[in-house]
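*Asks:* Using the sequences and the hints, build the whole thing.
Take a look at the letters that make up each chain.
Number of protein chains: 2
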Amino acid sequence: MMTLDSARPSRHKARMKRLTAAAALLALLPIQSFAEQAAPDPLSFVDPMIGTGPEGHTFPGATAPFGMVQLSPDTDATCQIRDCYDHAAGYSYNDPTIQGFSHTHFSGAGHSDLGDILVMPQVGEVKLDPGDPKQPGSGYRQRFDHATEKASPGYYAVTLADSGIRAELTAGTRVGIHRYSFPAGKDAHLLLDLRSSLYDYPGKILWSGLHLRHDGTLTGFRETRGWAPGRKLYFAMRFSAPLKGHAFLDRDEKVAYKGFQAPGRGSDALAEKLGKALEARLDFGALTGPLEVRVALSGVDEAGAVANLDAEGAGFDAVRARTEGEWRKALGALQIEAPAPMRTNLYTALYHSLLAPSVWSDVDGRYRGPDDQVHSAKDFTFRSTFSLWDTFRAQHPLLTLVQPDRTNSDIVKSLVASRKHSPHGILPVWQFHGRETWTMIGYHAVPVIADAYMKGVGDFDANEALDAMVASAEYAPYGGLGDYMKLGYVAIDREPEAASKTVEYAYDDWTIARMAEKMGRKDIADRFYKRAGYWRNSFDAKTGWLRARKTDGSFRTPFDPTAINYGSDYTEGNAWQYSWFVPQDQAGLFRILGGDAKTIAKLDAMFDYDISKLDYSHAEDIAGLIGQYIHGNEPSHHVAYLYAYAGAPWRTQERLKQIVDSQYKPTPDGLSGNDDLGQMSAWLVFTGLGFYPVAPGSNQYVIGRPFVDRAVLNLPGGKRFTVETAGLSDANRYVGKVELNGKPLTRSWISDAEIRGGGTLRFTMQAKPDTAWGKVPGARPYSRSTDGAR
Amino acid sequence: MMTLDSARPSRHKARMKRLTAAAALLALLPIQSFAEQAAPDPLSFVDPMIGTGPEGHTFPGATAPFGMVQLSPDTDATCQIRDCYDHAAGYSYNDPTIQGFSHTHFSGAGHSDLGDILVMPQVGEVKLDPGDPKQPGSGYRQRFDHATEKASPGYYAVTLADSGIRAELTAGTRVGIHRYSFPAGKDAHLLLDLRSSLYDYPGKILWSGLHLRHDGTLTGFRETRGWAPGRKLYFAMRFSAPLKGHAFLDRDEKVAYKGFQAPGRGSDALAEKLGKALEARLDFGALTGPLEVRVALSGVDEAGAVANLDAEGAGFDAVRARTEGEWRKALGALQIEAPAPMRTNLYTALYHSLLAPSVWSDVDGRYRGPDDQVHSAKDFTFRSTFSLWDTFRAQHPLLTLVQPDRTNSDIVKSLVASRKHSPHGILPVWQFHGRETWTMIGYHAVPVIADAYMKGVGDFDANEALDAMVASAEYAPYGGLGDYMKLGYVAIDREPEAASKTVEYAYDDWTIARMAEKMGRKDIADRFYKRAGYWRNSFDAKTGWLRARKTDGSFRTPFDPTAINYGSDYTEGNAWQYSWFVPQDQAGLFRILGGDAKTIAKLDAMFDYDISKLDYSHAEDIAGLIGQYIHGNEPSHHVAYLYAYAGAPWRTQERLKQIVDSQYKPTPDGLSGNDDLGQMSAWLVFTGLGFYPVAPGSNQYVIGRPFVDRAVLNLPGGKRFTVETAGLSDANRYVGKVELNGKPLTRSWISDAEIRGGGTLRFTMQAKPDTAWGKVPGARPYSRSTDGAR
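Chains as they are written, first to last, in full-length UniProt numbering: chain A, 1 to 790; chain B, 1 to 790.
Certain hints may be false.
It does not matter which identical chain is used: a pair holds within one copy or between any two.
Pairs of lysine-lysine, DSSO-like flavour, derived with a Cα cap of 27 Å [to be verified]:
{"no.": "1", "residue 1": "244", "residue 2": "486"}
{"no.": "2", "residue 1": "420", "residue 2": "244"}
{"no.": "3", "residue 1": "530", "residue 2": "542"}
Just so you know, these hints were derived from the structure itself, not from any lab.
*Replies:* This is how it looks when you write it as structure tokens:
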């Protein structure tokens with residue numbers, strides 16, 4: 001049964017064929033440990049092109065797990081902010097040209113930045129501007145054919161059609177390696193365009209520099225004022241062939257004052273150039289073999305970039321082999337057997353879940369922190385790129401299972417170090433390259449830390465972490481927290497998106513209480529359990545909607561539960577989505593809604609809402625709609641699992657089938673919304689396995705239904721947790737028998753300890769629902785009441 | 001005789017009274033060691049206001065010797081480049097208002113920058129813009145009366161008339177301390193304007209930041225693109241009274257894209273702000289005593305600034321006392337008795353000679369170097385602010401006498417370290433804050449190092465230094481050096497100011513040869529002695545002028561020896577001044593000119609030239625004219641001493657009297673040209689003592705005539721070199737008897753060893769010239785022929 005695919009790098013096409021016969025066979029085979037078999041190469045099941053279509057915002061380029069360098073083609077970086085949405089990761093699948101290869105990208109972000117240090121190989125006359133995508137040859141951008149592309153973990157290749165140059169990319173943690181094969185006999189050039197940036201706008205490039213060192217290393221830096229203000233990035237670059245010539249160009253207007261010129265006036269062949277609009281033309285003459293360009297980044301300084309290059313900048317094949325080995329190890333945490341499209345979806349989702357929080361410290365441990373100062377990570381690797389509003393939900397919980405030790409220690413220590421060096425003394429909100437962007441809402445570093453602590457994952461100082469969590473939750477200037485602490489809710493007349501903030505703060509507070517309680521810090525637990533009930537203060541029991549309250553206590557009017565606008569009561573959503581966000585007290589919510597039946601009816605109304613008359617095209621991040629359920633954005637992610645809290649897990653099973661079938665495809669347009677640094681993907685990994693962490697911090701996973709025939713989660717100490725599914729098919733939409741370690745499981749959730757201890761969860765699928773399973777209150781998932789009963 | 005002045009801080013007024021009776025008395029008194037007397041306070045003889053008039057470009061503020069912080073009032077920083085000339089040091093004596101107090105200034109530079117971190121105290125409604133100097137009250141600038149000013153080494157005070165605030169400044173090496181006494185009962189505020197900068201222009205401020213730390217320390221930074229490109233400066237600031245409120249303001253246009261806002265939206269009371277146009281308003285309420293503001297700088301990072309503040313940021317009175325002690329020690333290297341105006345001129349000149357090269361490394365040794373990277377000075381203090389084209393002539397040679405040990409070690413090690421970290425691999429040309437500005441010509445770090453080496457001053461690795469000197473002299477891309485090495489001259493059709501460059505390179509080369517020869521590096525000595533003769537290749541023997549040659553060997557026409565223009569054959573001068581620049585071979589030059597008589601006639605023609613029909617008002621740095629002799633700029637500085645090389649030292653004596661009387665006054669407008677980081681002043685110190693280093697590297701000082709009654713140079717190991725003058729008066733313009741250690745001195749020069757060994761040089765002045773003294777060739781100063789005879 002291991003003959004499904006060859007182990008060569010995956011391609012994004014021709015994956016649609018369902019190997020149903022093999023899948024059916026699989027279900028009948030005796031259970032056999034994967035370890036006893038010749039392991040398949042998980043790299044062959046990953047297709048990095050998934051999500052590169054308009055909504056996913058993933059990139060197809062080369063990266064190591066959690067790589068500082070994420071080296072990828074940019075199909076267009078000439079857009080300006082509001083027109084850039086499709087190019088958040090640089091590459092948009094439907095674009096006809098590639099502008100160049102740059103070293104930093106977000107995987108799936110909604111807003112964007114990065115695209116640093118763009119390199120484009122050229123032959124013949126060197127073009128200095130990217131040119132118009134609609135006019136081939138008008139600049140240095142070149143056409144390409146998707147048929148020439150190869151993308152797999154740690155590797156990307158494409159042929160640039162206008163020149164015939166074959167471009168290959170690979171990456172180590174802090175290095176990117178380019179390999180360019182130029183047409184024989186033609187002079188080879190590289191253009192380095194330090195002007196190019198994703199989500200550009202006038203004045204974004206503050207300053208940049210190029211230094212050609214005596215040993216032939218090209219170093220430089222760029223400071224930008226983009227999504228992250230005053231972000232600094234340094235690089236060092238070496239070439240496998242000697243530099244025959246070079247020019248450093250400043251494309252900016254000249255400064256109109258009595259100028260003092262560097263040596264070599266009248267020439268651009270300088271050893272150093274500084275300015276706001278720099279380019280480097282690098283000439284290699286006619287080469288007899290491929291040119292390798294080895295590039296390291298650093299957030300500290302150029303010396304740091306050189307040290308990173310010294311440490312990691314080996315030859316292309318060596319770096320590729322090392323990174324592929326790292327991916328085999330990382331992806332090997334989960335061994336999945338499933339129908340081929342789902343297997344590709346799931347392995348690719350796992351891959352996409354392992355890109356952030358990416359490494360930001362240098363090999364020597366130094367990093368630039370939120371205060372723009374250089375610090376040193378003594379016993380951990382500093383990680384950044386925290387898209388926490390998205391990733392606290394499922395991506396971080398997934399990391400506690402597939403990267404339990406080092407990664408989670410790094411993450412918590414990085415969060416706590418960031419807080420220590422924050423000018424505000426609080427944990428990151430949306431941080432990258434060490435800098436705070438103040439994007440989205442909440443203080444969701446808190447549930448990330450609490451979840452790791454509650455599960456006993458990672459090695460960190462819990463007291464220091466708890467201090468940081470409390471400080472973040474009590475920082476009055478942040479997002480209406482002063483009012484929240486005083487009034488019990490964020491007031492909409494003083495702070496936008498007040499309803500969303502209130503409920504997210506309350507949930508975050510509950511995770512503080514959980515952790516403090518476990519630590520024996522009763523004073524803190526009491527204080528934050530109380531705050532965990534503040535969601536009620538923004539819930540309008542009369543109408544059954546979460547709504548924003550004003551300082552005077554009244555709800556804001558007019559009120560339309562379908563409206564999605566900036567400045568509304570909600571964040572990237574409306575009352576339909578946000579009224580369900582009480583992970584810490586779904587039982588309390590459901591009582592307000594009038595009990596199980598009414599709750600289920602309201603959930604159904606959400607999924608079945610006729611949205612044909614609504615227009616949400618003005619709103620970013622609103623995609624993947626099933627009625628008012630918006631799978632393309634995070635506030636909906638837990639909602640399908642809420643039927644289980646209402647005693648109807650069979651309805652969850654139905655909805656999951658509906659969502660998975662409509663929202664994920666193994667194609668470039670296969671993600672219905674932004675992947676958001678792995679959150680969309682992590683949702684699929686959990687859902688595919690048959691359970692989902694609705695309330696991180698609770699140590700419970702709500703059982704949905706599996707989409708795999710079999711999956712093995714390899715845990716520390718050689719332990720394994722196996723999911724087995726009998727009778728998986730399109731027709732068998734419902735879970736029948738559920739057995740944990742051979743015994744029937746009557747509740748609709750499993751605990752983290754049950755997974756982490758190893759064992760087997762066996763599902764038997766069937767065509768008809770089991771409406772009795774999980775119905776009695778004692779069988780339902782965790783739902784701590786916050787209405788006084790604790 | 002020590003009752004001339006009290007020891008209180010000097011004032012710039014009422015200094016004109018000549019104490020001729022005391023001076024005459026002094027000449028008659030038996031010689032008595034200064035050490036046996038109650039020493040006068042040298043601080044009382046320094047008037048920092050000298051040179052703050054339009055031409056001198058000095059500043060009146062507070063600084064320690066060679067201080068990183070030079071804290072001084074800026075009377076106007078709102079000019080834009082070309083209109084800024086009078087405000088090169090921030091303060092221009094005739095301005096009616098003070099805009100604020102900033103922490104960095106050049107003393108006497110021709111071009112400018114700095115004026116960093118401007119602070120202005122205010123009462124009442126806080127004004128955010130400086131306003132129009134012509135409209136009092138239109139902004140935060142305030143009127144002042146010179147009568148309220150006090151300026152002395154390490155101390156400055158003024159009363160701001162519009163508010164009644166008394167402002168006092170003092171400084172340590174890396175700190176500036178402000179003390180503001182606010183009118184009783186009024187709320188005290190400070191405005192910190194990070195937009196303010198000397199020689200401003202649109203886009204100069206690249207980025208800046210403000211961070212209010214939890215301990216109340218305000219830190220921040222600024223990156224500017226001024227004279228030095230991409231310069232970074234960090235600061236840390238503490239207050240003696242608690243901060244009652246604050247606002248961080250960004251006065252820039254808002255960035256027009258979907259913005260993400262820091263906490264506290266709607267409020268400027270943030271803990272952090274980043275932007276291009278920042279201000280901080282700091283509120284202290286009504287105070288019962290003065291407010292002290294303690295500020296440290298760093299070129300490394302904010303942590304460096306905090307560490308500098310921790311190390312040096314004591315209370316106002318303590319810092320002032322410490323710095324005054326440092327000044328007493330530094331000024332004590334030279335004890336001067338002279339008529340009061342001359343004594344003030346000389347002590348002030350010595351003070352102005354001890355401000356640069358200023359300290360740039362932090363207390364922990366870290367500094368930001370020419371490559372914009374942070375380095376660590378292991379066994380020295382890194383100095384920057386090298387105005388080498390000016391200071392190689394007399395200011396550095398003066399430092400070899402008055403600061404022989406640590407300062408010269410620091411200087412040479414800093415130059416060599418700068419070369420090591422230079423992207424070009426060469427020594428500094430015009431460096432400040434670690435960054436190269438490529439201002440002026442030559443590679444005059446070379447004679448600075450060679451002069452120190454030849455004199456045995458300082459402790460440094462001579463081989464490493466020589467390598468750096470040779471590398472600088474052979475870096476082809478720099479200022480036509482490729483042509484110079486190939487053709488024997490810089491070619492004017494390929495490089496501007498080619499004649500000046502050729503002769504300055506040839507002199508610099510000679511100092512390399514001298515040092516190499518002493519080190520036994522014969523190959524290098526031979527190569528550079530040959531190059532030392534290249535001045536001949538740009539000298540037109542037919543016309544008797546230094547002129548620029550083209551690549552084809554012809555001299556450029558048309559030729560006008562009086563023309564002064566940018567892009568001419570010369571640098572800030574014309575053929576009249578530059579034809580005398582052959583310090584290494586005046587004899588060779590004089591032979592071309594036709595011998596002593598014709599040389600003397602040409603010198604006379606220069607001084608006596610009728611310039612009434614010429615207009616040089618378009619040229620910066622051309623001031624202090626005596627015919628075509630331009631004392632306000634450096635190319636003329638050695639020329640009066642050249643009569644001695646032609647066997648007529650009595651003519652030098654005449655010219656020196658003429659120059660000193662007309663070019664130096666103990667008044668704000670008392671310097672006829674830019675002080676140029678102490679070069680104008682060092683000229684006066686040497687000339688006042690009676691000798692001058694015409695050719696640094698030669699170890700000879702050419703004897704002119706003294707302007708002191710008596711001066712003692714205190715040397716290491718308790719040695720003293722004393723100058724005594726009998727019969728000093730306006731009438732006695734000529735030197736009669738010259739005795740060295742009691743024996744008649746028949747030559748018109750003394751050696752460095754004779755000074756450094758200690759002893760007494762005694763002059764007897766007379767009304768009639770001694771035309772025979774110093775006339776025979778063997779009695780004339782060093783003048784190694786470069787026409788083959790070595």
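*Asks:* Against each hint, give a clear statement of whether it holds in the structure.
*Replies:* Now for the hints, and whether the structure bears them out:
1. 244 <-> 486: Answer is between; shortest inter-copy Cα gap is 23 Å, intra-copy 68 Å.
2. 420 <-> 244: between (48 Å within a copy, 24 Å between copies)
3. 530 <-> 542: within (23 Å within a copy, 99 Å between copies)
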